[in-house]
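A.B. asks: Given the structure of chain A, go ahead and fit chain R onto it with the hints provided.
Those protein sequences? They're chains A and R, same order as listed. Take 15 as the starting number for the first sequence in the numbering used here and just add one per residue. Take 15 as the starting number for the second sequence in the numbering used here and just add one per residue.
Treat the hints with caution; some may be incorrect.
It does not matter which identical chain is used: a pair holds within one copy or between any two.
Cut-off 20 Å, straight-line C-alpha distance, at most; resulting in silico cross-link-like pairs (SDA-like, lysine to any residue) [to be verified]:
| hint | residue 1 | residue 2 |
| --- | --- | --- |
| 1 | Lys158 | Gln102 |
| 2 | Lys212 | Pro22 |
| 3 | Lys26 | Glu86 |
| 4 | Lys158 | Leu191 |
By construction, these hints were calculated from the structure, which means they are not laboratory data.
There are 2 protein chains.
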Amino acid sequence: MDISTYFPIWNKLNINEQHTLSASVRELHHNRGDLIHTGGDCMGLILVTSGQLRAYTVSEDGREITLYRLFERDICLFSASCMMNSIQFDIALCAEKDTDAVIIPSDIYRSIMEKSAPLANYTNEVMASRFSDVMWLIDQIMWKSFDRRLADFLLNEANIEDSNTLKITHEEIGNHLGNPREVVTRMLKYFVGEGAVKLSRGTVEIIDEDILAKIAGR
Amino acid sequence: MDISTYFPIWNKLNINEQHTLSASVRELHHNRGDLIHTGGDCMGLILVTSGQLRAYTVSEDGREITLYRLFERDICLFSASCMMNSIQFDIALCAEKDTDAVIIPSDIYRSIMEKSAPLANYTNEVMASRFSDVMWLIDQIMWKSFDRRLADFLLNEANIEDSNTLKITHEEIGNHLGNPREVVTRMLKYFVGEGAVKLSRGTVEIIDEDILAKIAGR
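Chain A with its partners taken away, still in its complex shape (with noise of 0.2 Å):
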């Protein structure tokens, strides 16, 4: 597995550190729907080489929220928590698409980007990506009204999926938005009334984008 031309500063690493990442990873394919990591252990860092991953949380008594999504060339450093000592805190991974990956062990990733500047400075910009969709979050839950959250939901997930037509449960969407299914059902058949989608079992269609963008206030 060539690992190269997943990291941009490469060619920033010397021969020794190259073969060193190079011999450690693993790979890994995952079927959709398939937990992938839970938290709590440290499995190493993940490269996503191709399909889709999603970061979320957790809450003691099961609930859940999406953090952010994992797409091709991404990569997570959070499933390696033990590679720093501050990081406090887990995060579970699941696989939205059948996804292939390399697991780098987080050992020796830390040891190498302890003495690489560059891998150093890489981690800290994937590190700050990711920071940055945490702080979106953030203003979408403290801010956000629920109608416009699902609304721009609806809108991403059929922008990732390139498809109106969602094959996605009432729950599932809960899941992503840190809301309970009722909640969810209650909301989309206010969208039924006004036009923007139609409901049948497992699925929302997107009938007008438009009104669904108005919602959305983008």
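C.D. replies: Frame of chain A, contents of chain R only:
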């Protein structure tokens, strides 16, 4: 101003780096209540030498929620958002106590960090620590009821101030927790009824920590 003791990795910087950093700093004094940074500009890294800062985020219509506090020896990266391309958000900073700090210009810090693995790794740890604060906040606002959050906040403030008599208005509490003043007032009156606190103008006095701790679920 000797900043060497503020960086645990100071001895891993070379003489030139130490000199460049030291020579770049500008001292800063703010009185309690001063607004220090409102986002938008890139004023540099702030290193608190004494006092206390509050980092918070503001909604489009001016509502606030506290993200984290900065105490003596803490460093704020996000007042230097131009330091990394991937920092795509703004925070605001105000002084909660009379505060002495130094500012390190973003371009100087960045130029050293690009070449110094120790400084880049230290920056990583600082960011991971703030990331942990913000993940804790998401957990609080998503899954904890307001009575628990408010009780927890009052106990934390008493701990920070080392006093059970807190000079704070209901509006200020609302700005910390991201809730309207009326919601805070209503819940504080409930706490009075439970025998946990006593209210007077601009003051909340904790009269029974155990009751408050029980409400907070501690």
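A.B. asks: Taking the hints in turn, state whether each one holds.
C.D. replies: Consistency of the hints with the structure:
1. For the homomeric pair Lys158 and Gln102, the shortest alpha-carbon distance between copies (19 Å) is at most 20 Å, but the shortest distance inside one copy (28 Å) is not.
2. In this assembly of identical chains, the alpha carbons of Lys212 and Pro22 never lie at most 20 Å apart, being 43 Å within a copy and 58 Å across copies at closest.
3. Proximity of Lys26 to Glu86 under the C-alpha cut-off of 20 Å is found in neither arrangement, the shortest distances being 22 Å within a copy and 36 Å between copies.
4. Both within a single protomer and between protomers do Lys158 and Leu191 lie at most 20 Å apart by alpha-carbon distance, with minima of 12 Å and 16 Å respectively.
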